Amino acid sequence: MLESLATGAAAVCNPLGILLILLCTAAGIIFGSIPGLSATMAIALFLPVSYGMTPLMGMTMLVSVYIGGVSGGLISAILLKMPGTPSSVATCFDGYPLTQKGQGIKALGVGVFFSFLGTLFSIVALIAIAPNLATLALKFGDFEYFSIAVFSLTMIASLSSGSMVKGLLSGFLGVLLTTVGMAPIDAAARFTFGSTQMGAGLDILPVLIGMFALSEIMVTAETSAKKDRTQIVQVSTRGVKGFGFSVAEGLGQWWNALRSALIGLAIGILPGLGGSTSNLIAYTVAKNQSSYPEKFGTGIIDGVVATETANNASVGGALIPLLTLGIPGDMATAMLLGGLMIHGLQPGPLLFQEQPVLMYGIFIAMLLSNLVMLIEEFFGLRIFVSLLKTPKYILLPIIFVLCIVGAFGLNNRVFDTYVVIAFGLVGYIFIKLHLPVAPMIMGFVLGETVETYMRRALMNSKGSWMPFLTRPISGAFLAIAAFSVVYIIVKNVRAYRRQKQNNAL
Amino acid sequence: MKLKKYEDWLTGAFFLAVTLVYASQIPLIKRTKISPVNSAFLPTIVAICMGALALVQLYMAFRNWKQAKAAGGTQEKAEDSPDYRRAVYTLATALIYVMLFKPLGFVLSSILYLTVQMSVMAPKEERRPLRFLLISVIAVAVIYLIFHNGLSLLLPGGVLTGIL
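As you go down the protein sequences, you meet chains A and B in turn.
Numbers given in our numbering equal positions in the first sequence, counted from 1, plus 330.
Numbers given in our numbering equal positions in the second sequence, counted from 1, plus 1.
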């Protein structure tokens, strides 16, 4: 393997290869950092450019855009409370409060560094154990996917800060939204109100832009007319060294980072689930296992470490089934598959034997791009923060125009821009009523997976529900899901009784 | 602030309204026999759970209201009063922007939107429409060049089709 890696490195490390990695990683970071322009869109726009290149150079370009794009999402999540990509939704929860405290540089530094570690971890896993992991992923059928999605949905209860009922309502609203459009399996039209546009369903990107970006602009507009509030937040860069956090702080996060990397990798491997799910799950697990869960959401680095390690670890994870089995896990990897196919290459086990230079060259390109991402984002930290010096009445409308470009460019239809407006209003209602957004996003991300796999599994079992319980992996996940629900209920009942007793005293 | 006082009630009412509209559409879903459970199965579960939770939310709002009344009402802290009008203007400006996006084209609608939105959000003493117009033209030109010319993203030309 080392020999193959060395051959791959020799093929990538030429002036064109290095230049492509430098430029395309930067382009990916810019795309990722702008809410509305995702890593997927960046790959889609760069895909035609790769056609005229050799397969290795084309893939070098695309994986660089991918790695930069997933990581770049943290910048706007931390500085503006607007996730740059769906993968960095949970980064807002603690990243933005840190910025509000004047520790934006530290939050960015932590995010960038642990993004690097997350990606590195997953690339090493991809190189070392890809075939074994891919075989394991193949054992997952419809029953298992359904159970994993149900298990992940039970995390909604943990994501509900404050009122559990409000959290559950928010989560169900997310699932409700996934049922709009053509149903899986039989393509029955649902909740389309006679509109053909609604038939295609709601895409996550316009929903997220509306919920986070437009609603935030509306809330900002309420107070922006006051002169003392024209800047978003003051972030001092004076006296900040390196990444803005100490070695002790970094080392203190080792277990959180490792756990989140494993979560990100595992979720990334499973087709259909990716960074958009893993960042929320890693955040929830970090919160649940922390000795100070009440501090989550107030601006602590633990939250940023968990989400950024996990979503970047999903990058390598998603490439495992793609490169070893030819199965794309999400839209971004489907685009990468397209990048290989336009050169007449079909990913799978045979490709490792037939094109070792290409495959190992891609691995080397990923490692280099990850390093370049770290360096570029490190030197960009102060530039990103200086963006906050722009008055918000200028910055936010320009970001919104970019959001609309992203929403429109997604499917080239104006309908998606209307979705942004509608969800801007929903997001504003959520903010005003203090409803948690995270459960809704979780429900939205997983709702379709639950329904599709449930219906497919039931078709396989001829209507019997028993295999969900009797198949070992599926049964285990459902048991853990049931346990976690019971645990949360017991915990809440106890907390309620304690509060009642305290009130009585 | 008044909204805070009615937050729990409004939450329950909002979700109950969503559930009622949603549930009213469930009978219209075409039932097929391809799969053991049809396409109305999950929506029905969602509607039942959401409806029940919305009612629980309304009950909790009622209970809290009764408790607050028994305690003689709590004093609300005086908050910095938000200017809701500007939020509504922002939403309206954004809506008009997307409505004009195709007929006027990306360039003109975006310049118009940016100039108006900046004027809506800026403090009175910093409101300089000409400056905003200039910033908008530059910003839109840069975005258009990058996406349309650089990355071949098809943005609506509108009235400027054939000119740009």
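FYI, nobody ran anything at the bench for these hints, they're computed from the structure.
Warning: the hint list may mix true and false statements.
Listed next, the in silico BS3-like pairs over lysine-lysine satisfying Cα-Cα at most 30 Å (straight line) [stated by the list, open to error]: (1) Lys830(A) to Lys125(B); (2) Lys125(B) to Lys821(A); (3) Lys34(B) to Lys625(A); (4) Lys70(B) to Lys792(A); (5) Lys5(B) to Lys821(A); (6) Lys762(A) to Lys431(A); (7) Lys556(A) to Lys5(B); (8) Lys34(B) to Lys830(A); (9) Lys762(A) to Lys70(B); (10) Lys762(A) to Lys125(B); (11) Lys34(B) to Lys821(A); (12) Lys34(B) to Lys431(A); (13) Lys571(A) to Lys431(A); (14) Lys70(B) to Lys830(A); (15) Lys431(A) to Lys719(A); (16) Lys625(A) to Lys719(A); (17) Lys556(A) to Lys125(B); (18) Lys469(A) to Lys34(B); (19) Lys67(B) to Lys762(A); (20) Lys571(A) to Lys719(A); (21) Lys431(A) to Lys31(B); (22) Lys6(B) to Lys762(A); (23) Lys719(A) to Lys67(B); (24) Lys625(A) to Lys830(A); (25) Lys5(B) to Lys762(A); (26) Lys31(B) to Lys830(A); (27) Lys431(A) to Lys5(B); (28) Lys6(B) to Lys556(A); (29) Lys625(A) to Lys6(B); (30) Lys34(B) to Lys792(A).
These numbers come from a predicted model, not from an experiment.
Quick one, are lysine 830(A) and lysine 125(B) close enough, alpha carbons at most 30 Å?
50 Å, violated
Within a Cα-Cα threshold of 30 Å, do lysine 67(B) and lysine 762(A) meet the stated pairing?
Between lysine 67(B) and lysine 762(A) the Cα gap is close to 23 Å, so the pair holds against 30 Å.
Take a quick look at whether lysine 34(B) and lysine 821(A) sit within 30 Å of each other, Cα to Cα.
42 Å, violated
Going straight from one Cα to the other, do lysine 34(B) and lysine 431(A) come out at no more than 30 Å?
57 Å, violated
Does lysine 719(A) lie within 30 Å of lysine 571(A) when you go C-alpha to C-alpha?
Holds, at about 20 Å.
For lysine 469(A) and lysine 34(B), compute the direct alpha-carbon distance and say whether it is at most 30 Å.
Distance ~28 Å between lysine 469(A) and lysine 34(B) Cα, so the pair holds.
Regarding the pair lysine 34(B) and lysine 792(A), is the alpha-carbon distance no greater than 30 Å?
Status holds; Cα separation ~12 Å.
Are the Cα atoms of lysine 5(B) and lysine 762(A) separated by 30 Å or less?
8 Å, holds
For the pair we were handed, lysine 431(A) and lysine 5(B), check the Cα-Cα distance against 30 Å.
Judged against 30 Å, a Cα distance of about 25 Å means the pair holds.
Given pair status - lysine 830(A), lysine 31(B), alpha carbons within 30 Å:
Violated - the C-alpha atoms of lysine 830(A) and lysine 31(B) are around 49 Å apart, more than 30 Å.
Hint check: lysine 762(A) vs lysine 431(A), CA-CA at most 30 Å. Holds or violated?
Between lysine 762(A) and lysine 431(A) the Cα gap is close to 22 Å, so the pair holds against 30 Å.
For the pair supplied as a hint, lysine 431(A) and lysine 31(B), is the alpha-carbon distance within the 30 Å limit?
53 Å, violated
Against the hints set out earlier in the document, violations occur for numbers 1, 2, 3, 4, 8, 11, 12, 21, 23, 26.
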